[in-house]
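Trainee: Could you put the whole structure together from the sequences, leaning on the hints where they help?
Here the protein sequences line up with chains A and B, keeping their order. If you count the first sequence from 1, position 276 lands on 276 in our numbering, and the numbers rise without skipping. If you count the second sequence from 1, position 203 lands on 203 in our numbering, and the numbers rise without skipping.
Please note: incorrect hints may appear among the correct ones.
Put simply, identical chains are the same to the list, so a pair is met inside one copy or across any two.
Result set (DSS-like, lysine-lysine): computed pairs, CA atoms no more than 27 Å apart in a straight line [said to hold, decoys possible]:
id : residue 1 : residue 2
1  : LYS372    : LYS173
2  : LYS9      : LYS106
3  : LYS18     : LYS51
4  : LYS397    : LYS85
5  : LYS173    : LYS285
In short, the hints are calculated from the structure, not lab data. Note that this is a predicted model, so its numbers are computed, not measured.
Number of protein chains: 2
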Amino acid sequence: MTQIEFAKKGIITDVMKKIAEYEGVSPEFIREGVAKGEIVIPFNPEHKNLKKPCGIGKGLKTKVNANIGTSFDYVNLEQELEKLKVAIEYGADTIMDLSTGGDLKKIRESIISNSEVPVGTVPVYEAEFRVAKEKGNIFEMTPEMLFEVIEEHGRSGVDFITVHVGITLESIKRLRNQRRTTGIVSRGGGLLAVWMLHHGRENPLYEEFDRLLEIAREYDMTLSLGDALRPGSILDATDRPQIEELILLGELVERARKAGVQVMVEGPGHIPINEIKTNVEMEKKFCKNAPFYVLGPLPCDTGAGFDHIVGAIGGALSASYGVDFLCYVTPAEHLGLPTPEHVKQGVIVSKIAGHIGDLAKGIKSAWEQNRKISEARYRLDWDEQFRHMLFPEEARKLYEQRRSETSACSMCGPFCPMNLFEKYVEEKLDEVIKVKREGV
Amino acid sequence: MTQIEFAKKGIITDVMKKIAEYEGVSPEFIREGVAKGEIVIPFNPEHKNLKKPCGIGKGLKTKVNANIGTSFDYVNLEQELEKLKVAIEYGADTIMDLSTGGDLKKIRESIISNSEVPVGTVPVYEAEFRVAKEKGNIFEMTPEMLFEVIEEHGRSGVDFITVHVGITLESIKRLRNQRRTTGIVSRGGGLLAVWMLHHGRENPLYEEFDRLLEIAREYDMTLSLGDALRPGSILDATDRPQIEELILLGELVERARKAGVQVMVEGPGHIPINEIKTNVEMEKKFCKNAPFYVLGPLPCDTGAGFDHIVGAIGGALSASYGVDFLCYVTPAEHLGLPTPEHVKQGVIVSKIAGHIGDLAKGIKSAWEQNRKISEARYRLDWDEQFRHMLFPEEARKLYEQRRSETSACSMCGPFCPMNLFEKYVEEKLDEVIKVKREGV
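Mentor: Okay, here's the thing in structure tokens:
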């Protein structure tokens, strides 16, 4: 049985209990959320090393995913495992292996067995890659091959998979009518679209959605419904093809839930900052509060080299509106395959974004953490501050780099406003107000 | 005459013309904005080297300020001049010299003569510092000394000054009633508050506001009304003392405009992301669209070491709601005096934040830049992409770090979705849709 099936039957599983404890909520809260489909727990029992499962969805802390994996040009398993380690060290809640170069099976299995957090994949990459390698072009892929790869991912312990189920011949037509600036920018979605056009066939993931659900159910692989038509430029954001796809995904969410399959929905991508709220609200409505998993979003197209910052800006805001799951963006986005250092930077800024969103969501532990820091800051209690910071080591390093002779930091030294005023306000204020009033 | 006096008389000055050209608007648009007080031009004629003046306010690109300056613990003029250079190189529109260590006069004059962008200061620092040095404590400061320093700043070419005019004995009382987590965190505001309590006297900047206006008018120093009661923790955000001060600042804005003095208003500080909109709207209402200049804002207290990121998140959002002027935050915020590298990082992320805000504001040139990038991106025209990026050198460096054998980047290589689909959609779609329809 899958987590949603247990939940619907009123059963609280061990993993639900574990997640409840981490989130500071009751196990019943988790069970209810999973039963409704408002919370998912990517947790394939075949992923034997999954020590840190997580819940994603309503009422829980915003989660962060880090994409790792080889590319055609850079195949280095050691380095991918290093990225995995760095990502988890800095707080990534899940990992996606997006490898498209080298021995994909070996890489995937190695990442799964080394990952104590849930692992996601995009099986269409492997299916297309295999067929391109064996037959010389991607068009030789058959639906059979694609479903075989999906099943293999389930067997090997993949916890969630991105499936571009919402791109159809009809939506491709709509895309053409739209005349976008950047057409399709989803790698998996684009591959499927050309395959569909080449063969004049419907998307097999859509056409045989029930078959997909059966496999997902068997391994309790959470489906992450991919947004093949996400905008690749802010000029294309919130357009008709994007939103039509989202509407279709909403219908498929309902079918998945009915079939006992956990499901979440993916979202953009490039969106102007003032359209983020609308995008989140539409997903929540159309998809009946299915957990929303966004890539970035990036509120400008011009930030290459610093797209992790751009993504953190969009991510924080989207989380504040209810996005549940942030896919990080690294400084290498739009420029190349990220290095472990890029992974680190991407995770850090995404965790900050999620935390900022959590405050807007009213997550109690996040508020408590901010209260403790602020109280310690006002007392100039540095150790206590570092204890509650999101990244204590990095903060301490900067603090030590330029110490002050005083108990304050070297920015203000003896002119530090913290506490300067406090000792006066209680002692002097009554007296002063009195003098002032008598003077009037 | 000051810029606002010229503008009110219907005169378009040379600096207005220059700014109109940079902003891509008509000189009359600038004149009208300045006359209304919705645009300020910090432009002290005594600042002889001011080659890049800027307009700040409604309808214009969001501007970024970089704070530099020595502290008690770190006095190194060479390094401050290096920070100045780095800040301008990465796009800071203005600089504030917040020095509180060393020979303040010499440092200030050196920064002004080396800065081709407007320079701001906080004169109360220098007044308090002088008196602390000469008399051993800050309480010996007299209003006379404070106004003398302000006048001296005007004479030496300072283009705008932060003046904490809105903290009064009444608002200090309100502060006590509020029982904040972090009391007063404004360095200048805190110093004034303890001085006021010590002497049982009203804030001289408030009491003698007309005298302040006279000096500001004489040198056309734009007044930046400081928010002494800004929150230093998200727990203190949008509270009664903060908003009462803002209300008073709104009244003082009107007095300044009437006196022919350009004026803008400063804002927080630490604000949860979901309270940023309210803060911007209140300033715009109470202060009748006076340009709003915010520090960050920081939507969490826990990000030390990465507060530039936290500030960019708050800054982008606040700019999208209409904030005109972002004061950068560096990674060293809350930890120490920033280094030139920190200045660089702070300016970069703030420029990104401002740009994201500009898109929400509908700034045409920002949209045009994003369109050009996205079109080039879709064509895989790398040189054209770099030409329009916010930070082309950094982007190119990352791109070169990991090149692909293909014309795409090393993330996707031959699987790059850009253009992959394009060539199919026009060729195949009509045919495919037809086949599909006939099949139905």
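Trainee: Cα distance capped at 27 Å. Does LYS9 pair with LYS106 within a copy, between copies, both, or neither?
Mentor: Answer is neither: 37 Å inside a copy and 76 Å across each miss the 27 Å cutoff.
Trainee: Taking 27 Å as the upper bound on the Cα-Cα distance, should LYS173 and LYS285 be classified as within, between, both, or neither?
Mentor: within (25 Å within a copy, 47 Å between copies)
Trainee: Checking an output row: LYS372 and LYS173, CA cutoff 27 Å. Within, between, both or neither?
Mentor: So LYS372 and LYS173 pass the 27 Å test across copies only (25 Å; inside, 55 Å).
Trainee: Since the copies are identical, ignore which copy is meant and state whether LYS397 and LYS85 lie within 27 Å (CA to CA) inside a copy, between copies, both or neither.
Mentor: both (21 Å within a copy, 25 Å between copies)
Trainee: If the cut is 27 Å between Cα atoms, do LYS18 and LYS51 qualify within a copy, between copies, both or neither?
Mentor: within (10 Å within a copy, 62 Å between copies)
When the structure is compared with the earlier hints, a violation turns up for hint 2 alone.
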